[in-house]
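Asks: Chain by chain, the residues:
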Amino acid sequence: DAMVIQNPRYQVTQFGKPVTLSCSQTLNHNVMYWYQQKSSQAPKLLFHYYDKDFNNEADTPDNFQSRRPNTSFCFLDIRSPGLGDAAMYLCATSRDLVGLSNQPQHFGDGTRLSIL
Amino acid sequence: DQQVKQNSPSLSVQEGRISILNCDYTNSMFDYFLWYKKYPAEGPTFLISISSIKDKNEDGRFTVFLNKSAKHLSLHIVPSQPGDSAVYFCAASFAGGYQKVTFGTGTKLQVIP
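So the sequence lines, in the order shown, correspond to chains Y and U. In this text, residue positions in the first sequence follow this note's numbering: the first is 1, and each later residue adds one. In this text, residue positions in the second sequence follow this note's numbering: the first is 117, and each later residue adds one.
For the record, the hints were derived by calculation from the structure and aren't laboratory data.
Distance condition first, Cα-Cα at most 25 angstroms in a straight line; then the derived BS3-like pairs of lysine-lysine:
1) U:170 - U:216
2) U:121 - U:170
3) Y:38 - Y:17
4) U:224 - Y:44
5) Y:44 - U:187
6) U:187 - U:224
7) U:184 - U:121
8) U:121 - U:187
9) U:187 - U:170
10) U:172 - U:224
11) Y:38 - U:121
12) U:216 - Y:52
13) Y:44 - Y:17
14) U:184 - U:216
15) U:121 - Y:44
16) Y:44 - U:216
17) U:121 - U:172
18) U:172 - U:184
19) Y:38 - U:224
20) U:187 - U:216
21) U:184 - U:170
22) U:121 - U:224
23) Y:38 - U:216
24) U:121 - U:216
Take these sequences, add in the hints, and give me the full structure.
Replies: What follows is the structure, encoded as structure tokens:
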């Protein structure tokens with residue numbers, strides 16, 4: 001089945017120690033998104049890639065970076081994690097840009113990040 | 117500024133009865149609305165959507181109603197089943213170019229057998 005896969009499912013890192021979360025997709029979708037979701041809150045969009053074009057949300061901290069080396073993979077790098085970065089991180093894909101196609105997003109199961 | 121609001125954090129319904137989940141939005145420019153379902157330890161999965169040119173969309177047991185004048189949409193599940201127990205997120209987006217999807221905070225539905 002075509003899907004969005006996130007690794008690892010659970011990640012523990014130390015305060016200030018860089019961490020990378022991984023997302024892969026077999027849907028061959030053009031757009032890949034990273035969301036941060038904290039308990040009882042709405043998913044918050046951090047950034048997205050449309051093909052190779054990177055689009056950062058205005059309120060995404062500089063501490064968060066992303067890479068998309070090819071269509072299938074996208075990474076979320078947190079350069080110096082703080083306690084406030086503990087959250088569920090969700091990767092999603094869509095065939096085309098929201099607003100152009102009215103296509104739903106397909107989500108992975110998320111990576112729960114804990115900061116010690 | 118929470119543009120999409122789900123004011124009920126939780127809802128309990130007896131199996132076989134109707135579940136009604138509500139969502140309010142503040143931006144009249146939203147023109148596409150979606151509902152996602154999320155089980156514990158899984159990502160959200162798309163459930164049903166509706167365009168602003170419609171006021172109702174039905175898919176099996178699931179029906180979404182849109183009231184644009186009230187800036188309100190609702191998801192009806194009939195009949196409710198224990199497997200429907202999950203968190204339901206309402207989401208909205210604009211047309212034209214890239215516009216991010218704005219999510220609500222979710223409503224946890226529990227269907228009691």
